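Note that the protein sequences, when read in sequence, are chains A and B. Each residue of the first sequence is one higher than the one before, counting from 2 in the numbering used here. Each residue of the second sequence is one higher than the one before, counting from 152 in the numbering used here.
Just so you know, the hints here were simulated from the structure itself, not pulled from any lab data. Fair warning: there could be bad hints in the mix.
[Said to hold, decoys possible] Within a straight-line C-alpha distance of at most 35 Å, the following computed DSBU-like cross-link-like pairs (lysine-lysine) qualify:
| no. | chain 1 | residue 1 | chain 2 | residue 2 |
| --- | --- | --- | --- | --- |
| 1 | A | Lys-61 | B | Lys-395 |
| 2 | B | Lys-281 | A | Lys-61 |
| 3 | B | Lys-424 | A | Lys-293 |
| 4 | A | Lys-293 | A | Lys-128 |
| 5 | B | Lys-226 | A | Lys-293 |
| 6 | A | Lys-293 | A | Lys-74 |
| 7 | B | Lys-228 | A | Lys-293 |
| 8 | A | Lys-446 | B | Lys-284 |
| 9 | A | Lys-391 | B | Lys-424 |
| 10 | A | Lys-446 | A | Lys-87 |
| 11 | A | Lys-74 | B | Lys-176 |
| 12 | A | Lys-283 | B | Lys-424 |
| 13 | A | Lys-61 | B | Lys-284 |
| 14 | A | Lys-61 | B | Lys-424 |
| 15 | B | Lys-228 | B | Lys-268 |
| 16 | A | Lys-61 | B | Lys-323 |
| 17 | B | Lys-176 | B | Lys-395 |
[Unchecked claim] Derived list of chain B stretches under chain A, where covered just means 3 residues or more per stretch with a C-beta under 8 Å from a C-beta of chain A:
| no. | segment |
| --- | --- |
| 18 | 325-338 |
| 19 | 365-373 |
Please read these numbers as outputs of a predicted model, since none were measured by experiment. Don't be surprised by glycine CBs; every beta carbon is placed ideally from N, CA and C.
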Amino acid sequence: MSFTPNIPFPRRSFLRGAGVLAALPFLESLAPTIVRAGSKIPVKPPVRFGIFTVTGGTVKESWVPTEVGPLGKLPSILRSLEPHKKDVLVLSNLSQSGNSDGRVNAHEHCAYLHLTCADKVGKNDGKPFAGQSVDQRAAEVLAAQSLIPSLQLGYSGGETSYFFDAQGRSLPVERDPRLAFDRMFQGRRLVAPNWQRRLAQPSTVVVTPESQTYERQVVDLVLNDAKDLQKRLGRGDRAKLDEFLTSVDSIERRVQRIQERIAIEALDLKDPGPSNPHAPEKLPTDRNQSQKMTQAVVQNPAVHAEYLRIMTDLMVLAFQTDTIRVCSLGLGSDEALFPGVVTVGYEHHAHTLEHHGNAARVEDADPVAREGCRQIHAWYTTYFAEAIAKLRSIDEGGTSLLDNTLLIYSSYMADGGHGRNNYPVLLAGRGGGTVDSGRHLAFQKDTPVANLYVEILDRLGDKRGEFGNSRTSPQAAYDGRLPGLGTVSVS
Amino acid sequence: MPDEQAVSGHVFIATGENGLRLLSKDGINWTHQATDREGVLLRHACFINGRCVTAGRYGGDQLAWTTSDGLTWDKIKLDGRPYVTRVDFLFAESDHITAVVGEDGETPGAMTSTDGKTWSPRVPITADRKGMKHDAHLRRIASGNGRLVVIGDYGARLVRPADARLFQIDQKASATDTLIDIAFGNGVFVGAGLHGLRMRSEDGFQWTDRVLGEEGEHINAMIFDGKQFVGIGQGATYISPDGKDWTRTPNENAPTSAVFGGGVYVGSLWPGKLLKSTDGIAWSQVHESPHHVLGFAYGRLAIDAAHGTLGTK
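For reference, chain B alone in the conformation it holds in the complex (with noise of 0.2 Å):
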């Protein structure tokens, strides 16, 4: 895939500090390197629409940008007060993105966009006020049996079923209970954490089959690849059809974050090393970029021939 030419179908992205925006078809050959200012950092993407949108920070100024051909980028400033909002992730639903959006002691809110150019005002996600700890940020979301489910700081878990406005947060959430990554496949989320945490749930409240693994074996990566959960951990990798059974099996060189798509996993860690695997077990670094890579998303980009920018689905 030469740099010069534009992207389309499936491919990976990995994003970073210094700006960093680097594609790849197979997640072993990585193209069309980007970067920009010192200080850019861009900590999520996702695709929609056929587009790609990364989203991040300079100084105190919360950043989306968006692509959708891996060739030129459309770069958008986020409303937002600087220094205090803070996107936390972004997520694709049905035909728009919504960028979930914090601040400390504020309720949660979101921002939509189907260009990733245009977004909406942001609205509040939930109505629980005091539901969060003031400091904790949301980190990662999983979709099914109708509803989202997201995790964040201090065990937090808050619940939405697909068709509601409003997230519910769980109160009896533990703060040592913690998921760092969840992941939604054969009727149930399976979410992980410190020290080979594992719990599954059906609804997002109820959690069960709690187990835990080796100290400091964190699974900083919970994906399921189509027939089953692959937990990604520093030292072992975890593996289980349904969240209540489990095989461990010990790792090398395993990544910090990971992604998978197209049959296979992608990963990386510190400082620039892309990574890949077949199993998510043994790992090969494959690449390695100037600036550490921070957000990974496995998507589709899609050309208009006609209008050169926007794809349709």
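Looking at chain A on its own, in the form it has when it is part of the complex (with noise of 0.2 Å):
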């Protein structure tokens, strides 16, 4: 069968929303499960990844819970978690032990280290390098699904830069939310896929000459001309020519990719999943009112809040249109201001709370500015809880897109004092039935976090094993892996 798609909207627009960043669609035939049409087993959407991340200072002894198992009444800065206790696993005692090569300050070795678990990072020339972060490994394996990678969003950056290439080069993260939304939907109409009909029928969609794009019909127009031209060269030309038809091979079989995932859009749009994605309630309407926006992050809390739930809608959005799976929310600053949500003492700026609230030993921190700390990340954690209801409440098709995520919260330090010893860090979502939540496990002392990546990543079908320093790590543990988590699907 073909299909001739009715698009309703430029193909041009979809190509530059989707931008050069755009690979693979998604592909029927790497679905992870196909359940027919007409069974009334549930679909099993694909899984996605999301990092939902902020900024340092939280106070342990109200974050992690007393008791390990089944979870019971959560501390205070966890308390809004309370109606999600069943959808989200805490773990404690995981630590990093990477060093750095001393050119870095306190925050930046714990941001270098925060989502790498490099063994070392540094700065070379001053630009920060350090391993890969998980994110990032997980977009490479995931690449072939998605229609845009991955995508980093928030107000990280600069000392707080936690996302690294596979080169271990830093990578920028859109601080704009109207930018971070064009660049998802520009030119694209919001529609759910519908899983049922995706995963039950074999890849039908095909794109005949009549649907190419104008982009398509300039790459080839670029290889006739390049093959042409390839006789005539000389060895030494010829290789360069051959890079060349290398990458524009890759924009080919991009092009060829977004074509087919416009088709697959159509269909969607004729007939859609059963939620019904929109825009956050509060996207600026443009550049100029979103920049004023993100300008005041740092002065105005309830600006903040407002960004918060903007940049955790749009992953949500991200999500369930299956735009990206993987997305990552950097949020949050130490230079922030929280006049209104510190409402106790007289101190409102986040990174003097932190170094007054920590101490060496916590009897020698000021009391006062430990629980500014604590009361900023119980404030944050309240974003987190709406992001996860917001998780829930979309229907995939018998599931729900929370079930088929792994959200990890945490902070870039285990505490205010530059910590890098018992993150705090939740994880949650079901992973497509692959976590079982609602309890908290207490690892080893020091267990490094790269083997809660290599978990993640295992179950987002990287076989590899490792990550980070989860074998090098001088405190190594349970063979590079975090047992108790659920069962790991087969891929």
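Hints in hand, dock the two standalone chains.
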């Protein structure tokens, strides 16, 4: 069967929205489980991976449950997760052990290790280096199935750079919510994938010559001209041309896949999935408004709250529309002010509170500042709880988006004193049924955080079984794994 | 009270961000709003000799602005090291006002003035150079039983007999018992802090009757209203005649800073909400200012008709 999509929006706009980072669209043959149409078994949409990480200075005694096992009354920072207890898995005693080269400050040291778990981080010629961050490894694994491989949103950057590519180079983060939205959705209609149909039918989308995009035609012209030229070139020039052709070929494949995606989404538009995606309610209407909001985040907690909601909504929307399978939110700022959030004492500046509220011994810290830190992190958690509620509310055809997501909630420092031991970390969502939630698991002291990332990557299909310093850390444990998270799916 | 008219008599003043100043006779109607450059933070206010003195900072400078009529303000830059010296609080004593100033790692000092315009050189307020944590700020003060008691960060408590020059630092004070506010009445000092902490003392050194409240019910203001202590917390108001026996009443919309005067409680909530209450329990918003309020005081303005500026006590 062939299909000529009746596309209600310009293809070129779609392509521009998808941007040069666009890779393979969703391919039916890669779906983890195929359930035939008419079956009563819920469809099993793909697993998405999200990171919701906030700035430092959390207060561990108010974060880590005292009891191991089924979650009872949650500690005060996590209190707003009470309605979602069955969907979260709290993990404790996970630590970072990577060294720095001595050219980074304590915040940078923590930030660069946060998602990379590298043995060593530092700076070369003033530019940060670390290992590949877990989101980028996941993006690599899922690239063939994602319209956009990954997106990093939020306020991190500079001293709080968390995201690093395969060469260990720091990646930019999109602060502007309007730009982030446009990048994902410009020229596209918001539509929920009909996973029932997508997974039940083998690939039926054929891109006919009539449906080829202008970009595709340009690529064809370039390739034809290059092939003619190739015959007339010497060996050296031919090698250069080969490199060029390889890159054009990559673009060609990308264009091909985007075309396939356009066709699939056209089918979804005719027969969409059960949920109804919509743009974030308070998404700035233009760049000007968006920039004003972004600039006011650190000054005004009311704007900060709105920003957290919008960025979280964008992540949910990206997952809901299967635009991205890996989305990271680097939220908060150590430089943010929290009047009205911190209701005790006189100081509202997060960084100052972090330093005053932490000490080598807790009893030496300023308790008022420590309480301020606790209030800030309890505040962050309320927005994380909202994210969970939104993911839970989205029906993907018998399972919720939360069921099909692995979402980390953490902070780049274990505490405001630049601590790297016993990170606050929890995992929300069921990862497509591979995580048994509703518990607190306490591991051996200083078990590498990398072990958690190995488990997540494994559930996304990366079977290499190691990440960062999962096997090289001086505290290596559990053979580089985290036992007891839940059953790993067979991919 | 029309904005263009000079003010005299007892008033509340609210000071805050962007040089915010607001006056109110009754805690309900706020007038004479004045603002300044972005970045001017007026954190403290106090009345002396018929004048109101406010203090704060702009960039690295420490400021003292003063008025006797609510209309005209004299703006003084205080001596100090830019970005290092800070005004911790103001208090009125006898016929002068004192600005307690601090610098991280230095002994706290005091500068005094009778009019808010001319200030004495800074002198140390304690001989105990190592008695305080190097980055601790001093925060509040109460006067009674012939002495002054100051509280600050990391549980700092300092006591000075009214006729002495230097404060003595209480070395026994624990950081976990940090007091956020302090008041004096009925012969005792009563302090309050995190999670409903309350303690009482007759001399500022020996603190007894320590009790805690609910988690998160931080008492941000301890006020003596002439009859009883009223601790205004986030979630509950605690009331006691003596700092021993307390009544806890859940409150709503409680402010994070508060002052009492003329039978009315006045407080503020971010951003810029001004609240009033007749009992410290039920609060209602009466005004919303364009900038957040950082400090309050209640006192008397007096215009000397002959000179048009400084009034008499």
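Against the structure, the hints come out as follows:
no.	hint	in the structure
1	Lys-61(A) x Lys-395(B)	holds (33 Å)
2	Lys-281(B) x Lys-61(A)	holds (31 Å)
3	Lys-424(B) x Lys-293(A)	holds (23 Å)
4	Lys-293(A) x Lys-128(A)	holds (28 Å)
5	Lys-226(B) x Lys-293(A)	holds (32 Å)
6	Lys-293(A) x Lys-74(A)	violated (40 Å)
7	Lys-228(B) x Lys-293(A)	holds (33 Å)
8	Lys-446(A) x Lys-284(B)	holds (33 Å)
9	Lys-391(A) x Lys-424(B)	holds (32 Å)
10	Lys-446(A) x Lys-87(A)	holds (25 Å)
11	Lys-74(A) x Lys-176(B)	violated (48 Å)
12	Lys-283(A) x Lys-424(B)	holds (24 Å)
13	Lys-61(A) x Lys-284(B)	holds (24 Å)
14	Lys-61(A) x Lys-424(B)	holds (33 Å)
15	Lys-228(B) x Lys-268(B)	holds (9 Å)
16	Lys-61(A) x Lys-323(B)	holds (27 Å)
17	Lys-176(B) x Lys-395(B)	holds (33 Å)
18	325-338	holds (count 4)
19	365-373	holds (count 4)
Hints 6 and 11 from the list above are not met by this structure, while the remaining hints are.
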